[in-house]
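> Chains as they are written, first to last, in my numbering: chain U, 1 to 375; chain L, 376 to 563; chain C, 564 to 727; chain G, 728 to 879; chain A, 880 to 1211.
Honestly, the hints are just simulated from the structure, not real lab data.
One should not assume that every hint holds.
Partial chain A-side listing against chain L, Cβ under 7 Å, derived [stated by the list, open to error]:
no., residue
1, R934
2, P937
3, M938
4, V940
5, D951
6, V953
7, G957
8, T1115
Derived lysine-lysine pairs resembling BS3-like cross-links, with alpha carbons at most 30 Å apart [unchecked claim]:
no., chain 1, residue 1, chain 2, residue 2
9, C, K596, U, K241
10, L, K475, A, K964
11, C, K620, U, K259
12, U, K207, A, K1028
13, A, K926, L, K541
14, U, K37, L, K475
15, U, K296, C, K596
16, L, K514, C, K711
17, A, K926, G, K746
18, L, K475, L, K514
19, A, K926, G, K757
20, G, K746, U, K207
21, A, K1191, G, K735
22, G, K772, A, K926
23, U, K94, C, K577
24, U, K37, A, K968
25, G, K746, A, K1191
26, U, K241, C, K620
27, U, K94, C, K711
28, G, K873, L, K542
29, G, K792, G, K824
30, G, K772, L, K541
31, A, K1191, G, K739
32, C, K596, U, K94
33, G, K757, G, K772
34, G, K757, U, K207
35, C, K571, U, K241
36, C, K618, U, K241
37, G, K824, U, K296
38, G, K746, U, K259
Every residue, glycine too, gets a C-beta built ideally from N, C-alpha and C.
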Amino acid sequence: MLNIKTIDDTTINERVYQLNLGPQHPSTHGVLHLLMKLDGEVVVEAEPIVGYSHRGHEKMAENRIWEQFLPNTSRIDYLSGLIYNHGYCMAVEKLCGIEVPERAEYIRVITSELNRISSHLLGIMAFVMDIGAFTPFLYGWDDREHVLDLLERVAGSRLTYCYNRFGGVRNDIDREFCDGTRRFIDRLRGRFSDYHNLITENIIFIKRTRGIGIITEDTALDFGVTGPTLRGSGVGYDVRKNEPYSVYPEFDFEIPVRKEGDVMARYQVRMAEMEQSMNIIEQALDGLPQGPIRSKVPLFIDPPAGDCYFAFESARGAVGYYIVSDGTRIPYRIKVRTPSFSNLFVLTRILPGNFIADCIATLGSIDVVVPEIDR
Amino acid sequence: MAVDERSPICMPPNDHSAQLKESPAILGFAVLQDLLNLARVNSLWPMTFGIACCSIEMMAAGMARFDLDRFGIIFRSTPRQSDVMIVAGTISHKFVPTIKTLWEQMPGPKWVIAMGNCAISGGPFAYEGQYAIVNGADKILPVDIYVPGCPPRPEGLIQGLLQLQKKITKGTIDANRRAEKAARRAKK
Amino acid sequence: MPTEERKKLLGELKNSLSGALPEERIISGDYAKTGCHLEVRLSDAGMLRVASVMKEKRFYLETITAVDFPDSFELVYFYSTWHQDFCRLVARIRISKEASPRSVSSVYPEAIWLEREIYDFFGIRFLDHPDLRRILNPDNADYFPLLKSFGKTKLTEEIDDILC
Amino acid sequence: MSSLSGLKEYIKEILTGSKSLLIGMGITLKRLFVPIVTVQYPRRKLTMTPNFRGHIEAIYFDDTKSHHCIACGLCMRTCPSHVIKVQGEKEKAGERKYGRKYYIDFTKCSLCGLCVDVCPEKTLTFSHEYELACISRWDGVIDIMKRLEERP
Amino acid sequence: MNITQLPIIKEIYGFLGRDLTAAVTGILIILVFVPLNSAFLVWLERKVAGHIQLRPGPMEVGPHGILQTLIDAVKLMGKEMITPKLADKFLFWLAPIIIIIPAIVCFVVIPFSPMMQVREMNVGILLIFSFSSLTVLSILMGGWASNNKYALIGAVRAVAQNVAYEIPLLLSTMSIIIMTNSFKMSEITAAQSGVWFIFYQPVAAIIFFISTTAETNRAPFDLVEAESELVSGFHTEYTGMRFALFFLAEYTNMFIAASMGAVLFFGGWHGPFFPGLIWFMVKVYILIFVIIWVRWTFPRLRFDQLMNFAWKFMIPAALLNLMVTAVLLKVL
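Throw the hints in and build the complete structure from the sequences for me.
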């Protein structure tokens, strides 16, 4: 019924041999370990082994007051740290019933979407590099540096942000940020044709990605796959649309969906999502209200006893914070549902029967961030 | 420098800077040694070895904006062909054997840079009750340069690499190793 | 957001759930406060039945987690839909500290890793689990870190040295 | 006829494929002549934005010719990783305390800015320092008061 | 003044005979030229790659980093040489030495200019082909002896790839050979004094270019050392100078392939105004630039696609081309 097997040394014979891909390997995006059984170059079984960057985030939450977990959230998934920041703040605000000024929500959405663009740029380009083209990676980074400049301007750091606060955000955005964002969006739109010519329409790229690593809808249901990986399989599920939070309902945007479920589809979904993010940012900048950026919140919050689940969409899929409070200043339990954890486990189902090169492409197209899996 | 006895910031047990003296020239080989050192500092090849957040900034340092290739620094994917190990990220207990193996696989002379606060001291993850991480790469590797920051900017890493170049050309590393050897011999 | 359709879906869900679990309590949740539309409190090993009902309705298993309360564990299962009319269901079960609950991994393969993680963190052993090993911590670890009784370990001592 | 149409497809694919390859090469050739974007770091440096977060430092106020730290210890308590150590003393009994010593261990800081936020006297800010590489782990311990004195 | 008029040279001539002297001096020149040339090529590659990627490439060592690769070589000499414990020690030691032999021998027959050819042979092209297929032997030896799975996969890939691409390479060259009726490099060059062969044989030129790229294991055919799949392929376990020899051989092979291309299709040393040597070098470096440019543009092929491409497209196309050439030659 389940074709999930774990790799067992005893079944190795002369024909089949074992290959450890990782934990240190150029294409495992950090310290992922793929244990594979190979017949020639064809994968017979594959098992991801995780935990090499387990840092105990959840235990740490139980040792700190609510505010002190804030910097950690952006280190769970360092590529979309602001989105995690945003989500954690919203979860705690939901638990405590804190109102957030509208301007703050707009700023949060703008920064989150910028972060999503930067994450997708890196994700796509790293995936293209895994396929063997090195130059697009640098072009993507060139664009990404502009996003990072913008985010550094408002949030103060390039990668691991701690920008959102309970009840608002830390700094207001200025005119230069707004203008810079618009300039960046124009620039990135111009660059898209280059990317399409250089990558999407390249015959080698198409040959390498079409029909590879297919995740069907049923497989996705079995494994709880979310995010662009799911939307490449023909399901238009996006937390921003299906379960709206923040001020997302006020914006007009689409959820890009591809039917094929292969590596190419996931790549295309990410490309289209960047365009949608740019639309959201433009609308948010146009409708940016005036007003305070942070509501009155006590220095240290004391949430009421109770629990709540809050879901939001990071660049990799549906994230959930399950928060249990016992009424003290210290969280009783914080569980983070991270999308890469579920997305990665699909590999055991879809990798067997593929070549090593396809495994690398599939892994790249799922776009995992290892500390997010390991927490 | 200690503030008081219950200081949360533990001060160094002994002064490290005392060891970092200029190296005396080794007999007639000083010129050769200098030439080799010059070659070494100008082609420090780090290993493609990212663990966590800092690895992204490490990549950024190699990309178009900062371009490590200007200094002759190119990333090699196999430890056999690399000179510098940039420990960029939190080291978990599960990962320690791997790091040690990688370090042993590198051919000498080799150096370590601890990039980011996690690799220096455990950083934000060193809290009471922590069970998963090693607080600092210097617990398992002989770290030469520390680049603090969470994560450090790419410029910070480049500055660290330039510091390492200085340290190599000054010969302080050789001097340290020789001092260690002499101490061991004296013990015997 | 189509509230009418959601009401219909919730009604159907309640029906089929109460068909499968005659003795269990099904409560409407307060979405604005807890983030869940429906809450099921299980008293015994009903999680497999809930899981198969949810699978039939094409819900996906969002996550499984455990909470270590002073006298018992609480296992929490979150299910939600991909449909436009969004709906989230939470199933809770209180188990004693020594109990071995049944695994839902035969219905949702995703649960294999999620339950391994719970075992890794809390030491809860799931019955009928195909591959119950450590997942995040080293294989030879002898601790369950997320237990409230998990105090300072040997590993933490050196960190404490630095802290003060 | 199917094989013929298959052959047609095949040839068409080869032609469009070669065209796409040539277009790709055109893009990289174009970039070969675009000016480089590199900031040649030790020679030229980027200017940091006003919000940039380096390690924290005390603000110099003109009215008191010093900082305003009252050694309340709020920053010490808020810090997630116990980075800050501050000590103050009273000049006379009954007066407010005045911060004398202020150390941060930057090698554990996570740059969250909670200390800056909670400071009641608003005397903390972020420096724009990022070149902090050092050869000893303890060089990361920064004496803020000393930095204030040595300020240009 | 003619260098052969010097008394000392005359004396040596008298002792050794003209041919042998020319051969010895030629080989000495080659031994100096090969490392310097590949150092320059590596620098060129890093520079071109840099500018394609909007960055400057090596800058700090020498003016615009021109001494970078020499410094790298000095460093690699000073590195520890590691032989893995479970490796086949003899083969592991032998592989880097074998790979350098064809790289040097092939230079013997390359006509740099009408005067500058170490040894004129009437089977020049055959010599290059036969020796360059030795490269794959060394790759196989290195990969096998390393006792590393990545290296082994890389080596096995290399063998299959080289076998597959040697056939279209030979077939496309054959269409030139039946046009000139000669295996001599200099005669082929001389036949192009009017029109370059690329205008007669564009299909053969394309096939030749693709196959040499594959033969020299350059992207998009660099499956042998595909970094994202096989870490570093067959030289994963090689350190220091041994690795440098593999690197040297790769770039020298690239030079040989480009000079073959220049001789076969671009008229060798022919060109107006300048001496033959300059024309030859310009043509070779332009070809090398194209190879580098291709490498930094395209993704890598998958292994089965690589083989399909060779057997299902390149070989039929090359055969067809050869047939058409033969028929036309007969008819005209």
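> Taking the hints in turn, state whether each one holds.
These are the hints, each one checked on the structure:
For R934 (chain A), the shortest C-beta to C-beta distance to chain L is roughly 4 Å, which falls under 7 Å, so the interface hint holds. The beta carbon of P937 (chain A) is positioned within 7 Å of a beta carbon in chain L (closest approach about 6 Å), and the interface hint is therefore held. The criterion of a C-beta within 7 Å of any C-beta in chain L is met by M938 (chain A), whose closest approach is roughly 4 Å, and the hint holds. Hint status for V940 (chain A): holds, given a least beta-carbon distance of 5 Å to chain L, under 7 Å.
For the restraint placing D951 (chain A) at the interface with chain L, the shortest Cβ-Cβ distance is roughly 4 Å, inside the 7 Å limit, so the hint holds. The closest approach between the C-beta of V953 (chain A) and any C-beta of chain L is roughly 4 Å, which is under the 7 Å cut-off, so the hint is satisfied. Interface restraint check: G957 (chain A) against chain L, minimum CB-CB distance 5 Å, threshold 7 Å, status holds. Look at T1115 (chain A): its Cβ gets to within about 5 Å of chain L, closer than 7 Å, so that hint holds up.
About 20 Å separates the Cα atoms of K596 (chain C) and K241 (chain U), which keeps this hinted pair within 30 Å; it holds. Restraint check for K475 (chain L) and K964 (chain A): the C-alpha separation of about 17 Å stays at or below 30 Å, so the hint holds. About 22 Å separates the Cα atoms of K620 (chain C) and K259 (chain U), which keeps this hinted pair within 30 Å; it holds. For the hint linking K207 (chain U) to K1028 (chain A), the alpha-carbon distance of about 27 Å falls within 30 Å, and the restraint holds.
Under the criterion of a C-alpha separation no larger than 30 Å, the hint pairing K926 (chain A) with K541 (chain L) is consistent with the structure, at around 26 Å. About 25 Å separates the Cα atoms of K37 (chain U) and K475 (chain L), which keeps this hinted pair within 30 Å; it holds. Of the pairs offered as hints, the one joining K296 (chain U) and K596 (chain C) holds, with about 21 Å between alpha carbons and a cut-off of 30 Å not exceeded. Restraint check: the Cα-Cα separation between K514 (chain L) and K711 (chain C) comes to about 29 Å, which is no more than 30 Å; the hinted pair holds.
For a cut-off of 30 Å, the pair hint linking K926 (chain A) to K746 (chain G) stands: about 27 Å separates their Cα positions. At roughly 11 Å between alpha-carbon atoms, K475 (chain L) and K514 (chain L) fall within 30 Å of each other, so this suggested pair holds. Between K926 (chain A) and K757 (chain G), the direct Cα distance comes to roughly 15 Å. Compliance with the 30 Å bound is thereby established for this hinted pair. Annotation: proposed proximity of K746 (chain G) to K207 (chain U) holds, straight-line Cα distance about 15 Å (limit 30 Å).
Under the criterion of a C-alpha separation no larger than 30 Å, the hint pairing K1191 (chain A) with K735 (chain G) is consistent with the structure, at around 15 Å. Taken as a hint, the K772 (chain G) and K926 (chain A) pair is honoured in the structure, with Cα atoms around 23 Å apart against an allowance of 30 Å. Restraint check: the Cα-Cα separation between K94 (chain U) and K577 (chain C) comes to about 26 Å, which is no more than 30 Å; the hinted pair holds. Only pairs whose Cα atoms come within 30 Å are accepted, and K37 (chain U) paired with K968 (chain A) is accepted, the gap being roughly 28 Å.
Distance restraint check for K746 (chain G) and K1191 (chain A): the Cα-Cα separation of roughly 20 Å lies within the 30 Å cut-off, and the hinted pair is therefore satisfied. At most 30 Å may separate the alpha-carbon atoms for a hinted pair to count; K241 (chain U) and K620 (chain C) meet this at roughly 21 Å. In summary, the hint linking K94 (chain U) to K711 (chain C) is supported, as the alpha carbons are separated by about 25 Å, within the 30 Å threshold. Restraint check for K873 (chain G) and K542 (chain L): the C-alpha separation of about 27 Å stays at or below 30 Å, so the hint holds.
Of the pairs offered as hints, the one joining K792 (chain G) and K824 (chain G) holds, with about 16 Å between alpha carbons and a cut-off of 30 Å not exceeded. For the hint pairing K772 (chain G) with K541 (chain L), the CA-to-CA distance comes to about 20 Å; that is within 30 Å, so the pair holds. Distance hint between K1191 (chain A) and K739 (chain G) is fulfilled; the C-alpha atoms sit about 16 Å from each other, no more than 30 Å. Between K596 (chain C) and K94 (chain U) the alpha-carbon distance is near 7 Å, which keeps this suggested pair within the 30 Å criterion.
For a cut-off of 30 Å, the pair hint linking K757 (chain G) to K772 (chain G) stands: about 27 Å separates their Cα positions. Under the criterion of a C-alpha separation no larger than 30 Å, the hint pairing K757 (chain G) with K207 (chain U) is consistent with the structure, at around 25 Å. This hinted pair checks out: K571 (chain C) and K241 (chain U) have alpha carbons roughly 20 Å apart, not beyond 30 Å. The hinted pair formed by K618 (chain C) and K241 (chain U) meets the criterion: a straight-line CA distance of about 23 Å does not exceed 30 Å.
For the hint linking K824 (chain G) to K296 (chain U), the alpha-carbon distance of about 28 Å falls within 30 Å, and the restraint holds. The hinted pair formed by K746 (chain G) and K259 (chain U) meets the criterion: a straight-line CA distance of about 27 Å does not exceed 30 Å.
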